[in-house]
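Number of protein chains: 6
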Amino acid sequence: MSQAERVAYFNGQIVPESQVLIPFRDRSFKYGDGVFDMTRTFDRRIFKLQEHLDRFDRSLKYAGIDHGLSRQAITQISEEVVARNLPLLAEGEDYWLGQRVSRGVDLVGGDFWQSAGPNVIIECTPLPFKARAHLYRDGIDVIFPSVRRVPPECLSPNVKSHNYLNLIMGDLEVKSYNPKAWSVLLDTRGFLAEGTGSNVFLVKDGVLYTPKEHYVLAGVSRETVVELAQELKLTVVEEDLSPYDAYTADEAFITSTSFCICPVHSFNNKIVGDGNVPGPITKRLTDAYADLVDCDFVGQYLRHLG
Amino acid sequence: MSQAERVAYFNGQIVPESQVLIPFRDRSFKYGDGVFDMTRTFDRRIFKLQEHLDRFDRSLKYAGIDHGLSRQAITQISEEVVARNLPLLAEGEDYWLGQRVSRGVDLVGGDFWQSAGPNVIIECTPLPFKARAHLYRDGIDVIFPSVRRVPPECLSPNVKSHNYLNLIMGDLEVKSYNPKAWSVLLDTRGFLAEGTGSNVFLVKDGVLYTPKEHYVLAGVSRETVVELAQELKLTVVEEDLSPYDAYTADEAFITSTSFCICPVHSFNNKIVGDGNVPGPITKRLTDAYADLVDCDFVGQYLRHLG
Amino acid sequence: MSQAERVAYFNGQIVPESQVLIPFRDRSFKYGDGVFDMTRTFDRRIFKLQEHLDRFDRSLKYAGIDHGLSRQAITQISEEVVARNLPLLAEGEDYWLGQRVSRGVDLVGGDFWQSAGPNVIIECTPLPFKARAHLYRDGIDVIFPSVRRVPPECLSPNVKSHNYLNLIMGDLEVKSYNPKAWSVLLDTRGFLAEGTGSNVFLVKDGVLYTPKEHYVLAGVSRETVVELAQELKLTVVEEDLSPYDAYTADEAFITSTSFCICPVHSFNNKIVGDGNVPGPITKRLTDAYADLVDCDFVGQYLRHLG
Amino acid sequence: MSQAERVAYFNGQIVPESQVLIPFRDRSFKYGDGVFDMTRTFDRRIFKLQEHLDRFDRSLKYAGIDHGLSRQAITQISEEVVARNLPLLAEGEDYWLGQRVSRGVDLVGGDFWQSAGPNVIIECTPLPFKARAHLYRDGIDVIFPSVRRVPPECLSPNVKSHNYLNLIMGDLEVKSYNPKAWSVLLDTRGFLAEGTGSNVFLVKDGVLYTPKEHYVLAGVSRETVVELAQELKLTVVEEDLSPYDAYTADEAFITSTSFCICPVHSFNNKIVGDGNVPGPITKRLTDAYADLVDCDFVGQYLRHLG
Amino acid sequence: MSQAERVAYFNGQIVPESQVLIPFRDRSFKYGDGVFDMTRTFDRRIFKLQEHLDRFDRSLKYAGIDHGLSRQAITQISEEVVARNLPLLAEGEDYWLGQRVSRGVDLVGGDFWQSAGPNVIIECTPLPFKARAHLYRDGIDVIFPSVRRVPPECLSPNVKSHNYLNLIMGDLEVKSYNPKAWSVLLDTRGFLAEGTGSNVFLVKDGVLYTPKEHYVLAGVSRETVVELAQELKLTVVEEDLSPYDAYTADEAFITSTSFCICPVHSFNNKIVGDGNVPGPITKRLTDAYADLVDCDFVGQYLRHLG
Amino acid sequence: MSQAERVAYFNGQIVPESQVLIPFRDRSFKYGDGVFDMTRTFDRRIFKLQEHLDRFDRSLKYAGIDHGLSRQAITQISEEVVARNLPLLAEGEDYWLGQRVSRGVDLVGGDFWQSAGPNVIIECTPLPFKARAHLYRDGIDVIFPSVRRVPPECLSPNVKSHNYLNLIMGDLEVKSYNPKAWSVLLDTRGFLAEGTGSNVFLVKDGVLYTPKEHYVLAGVSRETVVELAQELKLTVVEEDLSPYDAYTADEAFITSTSFCICPVHSFNNKIVGDGNVPGPITKRLTDAYADLVDCDFVGQYLRHLG
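In the order they appear, the protein sequences are chains R, B, L, F, G and X.
Start counting the first sequence at 35; every next residue gets the next number (our numbering).
Start counting the second sequence at 35; every next residue gets the next number (our numbering).
Start counting the third sequence at 35; every next residue gets the next number (our numbering).
Start counting the fourth sequence at 35; every next residue gets the next number (our numbering).
Start counting the fifth sequence at 35; every next residue gets the next number (our numbering).
Start counting the sixth sequence at 35; every next residue gets the next number (our numbering).
Bear in mind the hints are in silico, worked out from the structure with no lab data behind them.
Worth double-checking, as some hints may not be accurate.
Any copy will do: because identical chains look the same in the list, a pair fits if it lies in one copy or spans two.
Unchecked claim - Here are the simulated EDC-like cross-link-like pairs (lysine to aspartate or glutamate), alpha carbons at most 20 Å apart as the crow flies:
| no. | residue 1 | residue 2 |
| --- | --- | --- |
| 1 | K246 | D274 |
| 2 | K82 | D308 |
| 3 | K304 | E261 |
| 4 | K317 | D100 |
| 5 | K209 | E85 |
| 6 | K304 | D91 |
| 7 | K238 | D88 |
| 8 | K95 | D325 |
| 9 | K238 | E85 |
| 10 | K267 | E51 |
| 11 | K214 | E113 |
| 12 | K317 | D284 |
| 13 | K164 | E127 |
| 14 | K209 | E114 |
| 15 | K238 | E261 |
| 16 | K209 | D100 |
| 17 | K317 | D274 |
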């Protein structure tokens, strides 16, 4: 019998998504007290699941949360959740695949920090091809909001936690100026940090530049680009990058699990390079990325254009 | 027929708490993308509900979230939730009363920032008298963790949001040194900021000192203490306070909705004053607080001692 | 015989403005190495000239520039320049009156810092009533740009110097989002600093708040508002103000020599108060300001509306 | 007929310098709202003009100023200005060659940021050989002033703008202690930044160190030294450098368009190395520089002694 | 029999100073791991000993050092040390009186932080009237060094500890420019902090300004000036003060135990006010100070002029 | 005749240690105004004395102190002090060897900064094998205190001075939580700096990481590890390291003159790697270190276990 609703793993069982319901005293609902990780499929194949789970483990260690599952178990469940949901995927679509764990439900009458143990969810959701297709055609208009990225002395940006309000406030700020714009927050020193779940690269005189890992979540897609660049004999420099560097770059692009690589058209309304996207090095990296994942992800996005 | 389970308001209805279940794609579960406020009852009477709702409104404005309820409606619901749950309260107990609202459930396939509209919860929970009773007898041992409070240029500490991981990491750090210790985070300049939902006061030469509002959530209990101090002709100074100020204070205490006032016994294991708690000014303020709320809250806590 | 062109003082003489021409090696053209001050007339009467010249003196001392004129001389010249130009003023118009002095023309072949002595200009220009009239009707939409105000450890914001590029870059940034918007730069800690030649005030619960002088140029109009507030028995607090404070203010307004007082409609597109401008306290201060200067400056602006 | 006065390009024409006169409402006179670049001749040959024009373009892009000339045109004009002025040059002299552009003259009655279009100047001036000759004989006494360099979050130090007051205040401060001293400003973290139009290098154990580009204007002479060092198989490290690094360096030197390379004798009156200038590696680089430009620039300076 | 050598208290005994010898493994010799306080006599009477001992106690608490003496004992010893040494004092001289305690001698073979217990010294030394007399005649030339004062997040400036190297490096820096200059270090934000054992006051429009206690050691002389100012109906404001504030002050002075009040002649070679010292308010405070201590300390200094 | 007491060099003579007594007015006792360096013996052979003396020279230059001895003399004295004391060393023990110099004794009646010239001490002391032996068995429990390391803009961490109170306060803080814990202070940006006389290394995916020299004293042992790593073909990266990096490292260890290499068991009570010490790379480096110094220093420590 055909399945009418996506399923997800929830604390030991795979159930219809509508049954994955969180008690309101869960600490992740109340405090964002949880961590997650997120990969995607390419033509329905999961990409770099182990690399994502490695990072998930580091986030869990930092936060002091233990989901109690072996690596083997979480791998197998992740694969099963995708497999069970593939029949629901439309032609040419792909999934985000996420693992999420909260510290659990607050104990009533207990101390602030005590909980009844973690809530664990493994789930997938179709990628937003339609909503973002125009970005591959036009390039992304990036705006630096006035709000700064939380510094590592307060909360490590390397942890993929459920505390996203800083990034959300930055994104809402720039969308109030231009609903199509995407934010890249500056760090507390005024250098480029990151967008919501995304990394930024600049290209200048044939060299790739991207912010240091200290101030950003080092995305798996970012790491993939670094590896592809090395194969293409392109130099990649991790360095503090200023708005000046962005304004005077030859090319720029954003990486994220969902985007892979998407070109930037402008920073704060200053056109990058000659304004044509993608620039030649962005194009080479995009092609190499598509080869690696054996999926024309740009075409996949562009096919969803009105 | 007697009610066996607490009830809560959830998106238009008052239902048993076990039915207040949040879809896992709710942005507050995934991102802490929500705000809340929290007051308490004294002998079952709600304390300063309007002041809390004023702050709630400011948090909502900052976050750009609209719960769609009038002040009158949210007041009436809050009162009804408490009233409906009073029969479940044991003798000598009181309630925390909370209003929580998330930005809502992420739209699948939509843009990052789009949601299906807010989830609104109004709920109450018994205060943790037993878990904290010893703190009124012994005073709180405060430790300054190494992690610093998120600065206002990144996320306003004046907003009571669902992003608490910074405070939680600080608290877990100090509890790993001493499970009974409470954290007060320092701000990024090294001055005292705040604990998890709590404010700190120092007393020196008969004057009260507390950190400026810029770096902390200005608690309603903190404000109440300021008002009581003025009635008692005590000077209150809002100022940057250093660990030196804490170590050399004559007395110190913590305020929060649940604590009202609770004395501090030590900072980083340096005994405050002569180590006897509460100190004389803390005692006067505590008595005045109890008078104001017409409830011996200290006795209420101490009665729960082993 | 009627004068066809405005005149200005230039190094000892009053000449037609078109003859006030600066050698291109003047250090203020090359380096912004000069200071100035700027007042205005109300119904053709000069406002607080001595207060402006006091500040001018402080700027000169800081920069180590000496224009060689006595206070009496500079006062008399300023008055004469205005008087000579009044016939050119259209009905209902007023003048900006400025004193500017550069360190002078670089010595060719000399050391970097040596010059041939100061260039001194005293001039006036009609106020931009038409360009700004809508701001009194609609309120100003203020945006905080991502670029931060230069901190006092680098160059004192209290000096009215010819180095404005930091402020200009902030203003161009926000005008690229919305051509009608005005910038208020945040300082390097993320608190409100100032706009281009303007100060910002917030009103909250009947109290006026404005940033401390450490991080802003303390405008004479700002000072005038403080004095008027005291006469109106309004409390004025100089304090660090965050975007949260701006978003949650009841009213807000900008002061500057040209604006006097002009209401703010929004900060970062968050409407201030109920969105009606001016708010009641802004209105009272505006009226008091008009009384003080004996000029309905708001009406003066509004009469220039399309 | 012999030309009695240097000529310069000014908005489309080459005219005697005395006719290059700027209206006093030009935004670069009033606000330093302009950018420039500056190269020099060696034995009357222009050095790395294209590299300087590349940087000029980046400064223009950052500032949002457009001079409207093609690269070919600006090159040709620059060359012509030098050629026309060569006859005026004394034996053994050379020229600075500068391109300067302001945003233009403020529109009277318009908005703050509107101007009547750019003023463009291309000019040359004899290098100050006499004033600086002793520095090649004695080495430069560098002092770190108390004023800090403007940080990149406020105004990019990579832009060669007309806002030099921060650097000027630092230089005047140290010259008040010792008229022969030169300033190198520290950045806001206390690391070495740059002097007025100059970069600093340290030599330690045979390795060259110079501050990172983030906090300084990356001079073309600095870049030339880096290239020469690579040819000489010397390692060059761009790194944060502290006063300790300066005090304990074996050698140090300053680079600038006019200096090329000039040895440092002391930092804050602590003698560098054994006090003999130039040190051996400075000497090797100086010689290589002279070879590259085919001009004994040190001899050129020293010939102007006494 | 007349005493030929000053005596001092050393760990329980009063002995000739030449017998107060510290083992070289004492932690204060090796690490500056000690605290002290210092008062003076006026016409041989000890000034505010209890206030100094109060501060001494706070320093000891911060450092975690316990000298084991009662307040009564330390008072009595201090008085006896002065009394025993008075016969050695020349006509018109006075004493500094200091209490010093180190954590003690490192245990050989023990852990880093363990010691054999405190070394306690109480001693007096003639004030340097001759070396400083010219400062009362000419005023102090203050220079802000490039080195910044250690911030409170690293070591509280409120503690009078034996770690003075930061202040010493600042003082040596300015004395290398001008041997007669005195340093006032700026804090890490660039505001005025303090000199070596001294505080700074500015006078502007009849109001006294001095840096906040957060960034400086709040001297007893500073506190005395605050009290005298209040008696003289002068307003005193504790506030962040910038170099601009110093340059544009009407008057300025330094306070310290030895100086009491000594006028400032210049900051960074910019003359304060009209250059005549002391200014009128400085003079009134100086006279009031002399009245309070019943000693013409200015005359006392000036009598030592060559 | 057998020597009963260790001897030390003191201002020109080698004397019994009990005769190395410092006048209490010595500036290093009063202000920590001195510098030192410290090496050790391995099986009674002095390790890298010249490298330590090189650093000693840099510290002296920074502090502006001159001990007046040639390198040859200080080397010879150092060797002689060790040689003279070797007979007192128990079987299997080794010495710390230190050179210390203070600026000297304050001149009574002179200016603050004047002294009677340096006091020079060269001495040795047995290493604390017994007190620290358990650390090699169990690994070190490192805690990051709340107090931050003094930044280089205030006092260079590269100077081995007698101002250790910042480090001492950090160490006492963590020992108040756990007497066996060792501190590693964070710098003012929240990155790992150093412990008291020790450096920290992390190992991640086979690569070694250690904080940059800007924020720490670059230990000779640290440098030795870098050299050994290169011989073992291990990559070493000097980089800003966050608590996240520490928590998620595979291995970690501390280096110091006394420790050489000692494994870290936990950071802030989060176990490093699997908790077994030493980790494989730490073990390889330890073995290589032992080979280099031809001394099984780990065995040497472990033999002192209870």
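The hints, checked one at a time:
{"no.": "1", "hint": "K246 to D274", "verdict": "both (6 Å within a copy, 10 Å between copies)"}
{"no.": "2", "hint": "K82 to D308", "verdict": "neither (34 Å within a copy, 25 Å between copies)"}
{"no.": "3", "hint": "K304 to E261", "verdict": "neither (29 Å within a copy, 31 Å between copies)"}
{"no.": "4", "hint": "K317 to D100", "verdict": "neither (41 Å within a copy, 29 Å between copies)"}
{"no.": "5", "hint": "K209 to E85", "verdict": "neither (32 Å within a copy, 32 Å between copies)"}
{"no.": "6", "hint": "K304 to D91", "verdict": "between (40 Å within a copy, 14 Å between copies)"}
{"no.": "7", "hint": "K238 to D88", "verdict": "between (32 Å within a copy, 13 Å between copies)"}
{"no.": "8", "hint": "K95 to D325", "verdict": "neither (34 Å within a copy, 36 Å between copies)"}
{"no.": "9", "hint": "K238 to E85", "verdict": "between (29 Å within a copy, 15 Å between copies)"}
{"no.": "10", "hint": "K267 to E51", "verdict": "neither (45 Å within a copy, 51 Å between copies)"}
{"no.": "11", "hint": "K214 to E113", "verdict": "neither (34 Å within a copy, 43 Å between copies)"}
{"no.": "12", "hint": "K317 to D284", "verdict": "within (13 Å within a copy, 37 Å between copies)"}
{"no.": "13", "hint": "K164 to E127", "verdict": "within (10 Å within a copy, 54 Å between copies)"}
{"no.": "14", "hint": "K209 to E114", "verdict": "neither (37 Å within a copy, 39 Å between copies)"}
{"no.": "15", "hint": "K238 to E261", "verdict": "both (18 Å within a copy, 18 Å between copies)"}
{"no.": "16", "hint": "K209 to D100", "verdict": "between (36 Å within a copy, 17 Å between copies)"}
{"no.": "17", "hint": "K317 to D274", "verdict": "neither (24 Å within a copy, 33 Å between copies)"}
Comparing the model with each numbered hint stated earlier shows that hints 2, 3, 4, 5, 8, 10, 11, 14 and 17 do not hold.
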